[in-house]
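Construct the entire structure; sequences and hints are all you get.
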Amino acid sequence: MTQNRFPHRHLLGIEGLGPQEITTLLDLSDRYVEKNRSADRKVNALRGKTIINLFYENSTRTRTSFELAGKRLGADVINMQVSASSVAKGETLIDTAMTLNAMHIEVLVVRHPDSGAVKLLSEKVNCAVINAGDGAHEHPTQALLDALTIRRRKGHLDGLTVAICGDVLHSRVARSNIHLLNTMGARVRLVAPRTLLPSQVDRLGVEVHYDMLAGLKDVDIVMMLRVQNERMKGNFIPSIREYFHFFGLDYEKLKVAKPDALIMHPGPMNRGVELDSDLADDVERSVIREQVEMGVAVRMACLEVLTENLSGGNA
Amino acid sequence: MSVRAPGRVAYVNARLLDPASGLDGMGALLTDGEKIVDFGPALFSEGLPADVTAIDCSGACLAPGLVDMRVQLREPGEEHKETLRSAGEAAVAGGVTSMVCLPNTHPAIDDVATVEFVARRARQNGLAKVYPYAAATKRLAGAELAEIGMLAEAGALGFTDGTRAIHDAQVMRRALSYAATFGVLIIQHPEEPSLAENGAMNEGELSTRLGLAGIPTAAEAIMLERDMRLVALTGGRYHAAHLSTADGVAVIREAKARGLPVTCDTAPPYFALNELAVSEYRTFAKLSPPLRSEADRQAIVAAIRDGVIDTIASDHAPQDQDSKRLPFAQAEAGGVGLETLLPVSLELYHNGHLSLLQVIEKLTAAPARLLGLAAGRLQRGAAADLVLFDPGRPWRADPDLFRSKSKNSPFDGRPLQGKVLRTVVDGRTVFAIEA
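First to last, the sequence lines map onto chains A and B.
Going by our numbering, the first sequence opens with residue 1, and the numbers climb by one from there.
Going by our numbering, the second sequence opens with residue 1, and the numbers climb by one from there.
Hints were generated in silico from the structure; no laboratory data involved.
Here the structure is a predicted model, which means the values were calculated and not measured.
A virtual CB, placed ideally from N, CA and C, is assigned to each residue, including glycine.
Worth double-checking, as some hints may not be accurate.
[Stated by the list, open to error] Listed next, the in silico DSS-like pairs over lysine-lysine satisfying Cα-Cα at most 25 Å (straight line): (1) A:Lys124 - B:Lys407; (2) B:Lys419 - B:Lys405; (3) A:Lys258 - A:Lys154; (4) B:Lys407 - B:Lys419; (5) A:Lys154 - A:Lys124; (6) B:Lys419 - A:Lys124.
[Stated by the list, open to error] Residues from chain B shown here face chain A by an in silico Cβ test under 7 Å; the list is partial: (7) Gly204; (8) Leu210; (9) Phe328; (10) Ala329; (11) Ala333; (12) Leu357; (13) Gln358.
[To be verified] Label-pair restraints from in silico Cβ distances: (14) A:Thr92 - B:Gln358: 41 to 51 Å; (15) A:Gly159 - B:Ala141: 52 to 62 Å; (16) A:Gly159 - B:Gln358: 52 to 62 Å; (17) A:Gly185 - B:Arg282: 25 to 35 Å; (18) A:Asp282 - B:Gln330: 41 to 51 Å; (19) A:Tyr210 - B:Gln330: 51 to 61 Å; (20) A:Tyr210 - B:Glu294: 50 to 60 Å; (21) A:Gly185 - B:Asp306: 44 to 54 Å; (22) B:Ala302 - A:Tyr210: 34 to 44 Å; (23) A:Ile94 - B:Glu144: 36 to 46 Å.
Structural data, given as structure tokens:
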């Protein structure tokens with residue numbers, strides 16, 4: 001077995017990862033895609049290991065994907081959905097870490113509404129931690145699955161032009177994708193109204209557009225972001241109707257992109273808000289369902305390399 | 001450390017620093033009981049009298065005790081974070097002999113009885129002297145004026161809503177106007193609340209990378225600009241706390257040039273740190289206002305040097321572990337500062353921005369003059385409130401060794417230069433380490 005294919009204890013974000021590390025994860029994911037499509041898809045790489053999915057936010061898609069990934073690898077997977085009420089009872093993140101340490105688990109998958117919360121937890125636990133989304137900070141496995149989807153369709157990432165459209169301000173998916181695509185040599189454009197772009201975002205190495213037709217011109221990939229109503233504290237946009245008119249993706253706007261441009265969405269989508277419903281279902285253009293499939297493979301790869309480090313280092 | 005003031009004590013072989021008179025030279029100082037009797041280069045040139053206790057300062061600096069014009073106490077109400085006693089011990093360990101506390105206790109200092117409670121409790125401790133600011137508005141709610149006249153009579157040195165901005169323009173106008181009736185000072189936390197709401201750090205590239213909601217620098221400048229209009233309208237005396245931005249400095253600079261009765265302070269984090277201190281979600285560096293960019297930090301240093309910023313205060317804000325060991329957005333803001341006030345301020349001297357006397361002035365005579373306190377200078381007949389320090393002595397900030405009950409220092413682990421050796425309040429040595 002290769003030593004230290006992925007020399008990190010945790011996967012907390014894409015920022016800071018090098019192209020070789022990302023490629024390692026994508027290559028391994030590719031193999032799991034094929035495995036998952038075969039009849040004999042159960043492997044035992046993680047037999048006897050325990051994974052806890054600790055979710056402080058509601059999530060069906062990501063949690064299920066991690067659960068399936070863990071089970072396919074033969075691990076015992078436990079889901080802990082933490083409701084707002086038990087947080088209100090006063091158990092802090094640090095208390096939770098202490099509790100989990102006592103359970104001797106191998107991997108903790110965490111989603112939390114606060115940026116930095118997963119890192120805080122990772123500093124206090126003995127196991128490997130995967131960030132399944134923290135606030136508006138990062139969602140590394142989403143960026144990896146997006147990259148895998150693109151790479152399988154286009155054959156490569158470098159040199160592609162990718163437009164990320166919508167609520168970048170509140171989006172961890174956008175941040176992780178910006179870091180990953182830049183690291184892998186793609187060109188990233190952001191398209192959004194100014195109120196949905198974070199401060200000095202151009203310093204992240206992206207081209208910023210406020211007009212869909214300019215932003216989508218000749219792009220290879222269009223990534224639509226969810227308009228996160230639940231995060232909208234304040235008036236960022238005047239109305240859904242106005243938003244769709246200017247920033248929603250439909251066939252008309254898509255015309256300026258390359259003829260073979262692909263449409264992606266991290267889900268769950270708001271049909272008719274950020275994305276025209278027919279377009280979302282158009283198998284010629286939309287790879288949204290493929291993204292879900294890639295998600296399981298990517299998470300299997302991440303689980304494998306992190307647990308490998310655990311046993312490789314100290315056993 | 002005796003409780004009663006000793007008889008005659010001679011501090012010999014000292015480098016006397018008195019910013020108020022410009023004195024900086026070797027000499028001696030004599031106290032008798034609670035008062036300074038005499039001092040100067042020629043004192044005891046013909047030998048020590050027999051009846052004095054001599055303290056050899058070995059060439060260390062003897063200066064007026066520091067006057068810290070912005071300290072958050074947590075008593076009454078949050079004694080698990082800090083008590084008047086622990087704050088007093090932290091103060092004297094930091095060379096602070098007079099501190100002015102904010103009214104943001106529970107209950108708030110908004111009536112005469114609470115002012116008197118704080119003063120009485122502090123006197124019992126016999127450590128640093130404590131003077132309160134009182135609330136500008138009842139319960140710090142920003143709506144109705146507190147009893148400013150009576151509170152001033154009871155000893156409140158100024159009026160402020162603490163860590164909250166007085167945000168309603170009409171309320172601020174009346175507070176300034178009414179306070180001017182009695183000639184007392186209004187102290188503002190200059191931050192437009194609607195721009196700071198939900199914000200956890202400085203707005204910019206770093207907040208974007210960290211995915212944290214930011215507070216733009218304009219939040220400070222906007223509140224200051226509005227307030228300058230209200231100062232011009234009312235003629236009230238106004239003091240802006242903890243300036244953190246270049247834009248904020250520019251507003252005050254311009255207001256002073258126009259002759260408005262305006263002063264301001266800053267705190268060591270704003271000239272010694274920048275926003276990078278919160279990288280890795282370090283909640284000990286979460287402050288209010290937030291740490292700003294490097295350009296802002298440099299503007300604060302320049303404003304201290306050219307006098308736009310009048311004073312340096314610690315903005316001491318104790319928070320316990322449970323308030324800080326949280327995801328960044330949920331953590332409380334603030335840092336303890338009493339025990340690092342002098343050494344971090346001395347960086348301005350070591351880095352060549354200010355003379356030693358100028359640094360001490362910002363920490364003693366300037367705040368005392370601004371607040372009308374009889375403190376902050378070496379003066380025959382004045383209270384013997386003194387600090388003896390070695391400006392060159394290196395040490396490392398270790399909050400575990402702080403006297404403050406809370407350990408939330410943004411300077412945790414920082415190498416420092418300049419150490420307090422002895423602190424004297426009313427002639428009594430209340431803190432001393434081996435020289």
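Status of each hint after checking the structure:
1. A:Lys124 - B:Lys407: Roughly 19 Å separates the two Cα atoms, so the pair holds.
2. B:Lys419 - B:Lys405: Status holds; Cα separation ~20 Å.
3. A:Lys258 - A:Lys154: holds, 13 Å
4. B:Lys407 - B:Lys419: It holds: about 19 Å lies between the C-alpha atoms, which stays within 25 Å.
5. A:Lys154 - A:Lys124: Status violated; Cα separation ~41 Å.
6. B:Lys419 - A:Lys124: violated, 35 Å
7. Gly204: Status holds, d = 5 Å.
8. Leu210: Because about 6 Å separates B:Leu210 from the closest Cβ in chain A, which is inside the 7 Å limit, the hint holds.
9. Phe328: B:Phe328 check passes; min Cβ-Cβ to chain A is 5 Å, inside 7 Å.
10. Ala329: Because about 5 Å separates B:Ala329 from the closest Cβ in chain A, which is inside the 7 Å limit, the hint holds.
11. Ala333: violated, 15 Å
12. Leu357: violated, 40 Å
13. Gln358: At about 35 Å, which exceeds the 7 Å cut-off, the nearest Cβ of chain A leaves the hint on B:Gln358 violated.
14. A:Thr92 - B:Gln358: 41 to 51 Å: With a Cβ separation near 45 Å, A:Thr92 and B:Gln358 satisfy 41 to 51 Å, so the hint holds.
15. A:Gly159 - B:Ala141: 52 to 62 Å: holds, 59 Å
16. A:Gly159 - B:Gln358: 52 to 62 Å: Since the Cβ atoms of A:Gly159 and B:Gln358 sit about 58 Å apart, the hinted range of 52 to 62 Å holds.
17. A:Gly185 - B:Arg282: 25 to 35 Å: holds, 32 Å
18. A:Asp282 - B:Gln330: 41 to 51 Å: Given about 42 Å between the Cβ atoms, the range holds.
19. A:Tyr210 - B:Gln330: 51 to 61 Å: With a Cβ separation near 33 Å, A:Tyr210 and B:Gln330 fall outside 51 to 61 Å, so the hint is violated.
20. A:Tyr210 - B:Glu294: 50 to 60 Å: violated, 29 Å
21. A:Gly185 - B:Asp306: 44 to 54 Å: holds, 48 Å
22. B:Ala302 - A:Tyr210: 34 to 44 Å: Once the Cβ atoms are compared, 36 Å apart, the range 34 to 44 Å for A:Tyr210 and B:Ala302 holds.
23. A:Ile94 - B:Glu144: 36 to 46 Å: Check passed, 41 Å falls within 36 to 46 Å.
Checked against the numbered hints above, the structure breaks hints 5, 6, 11, 12, 13, 19 and 20 and satisfies the rest.
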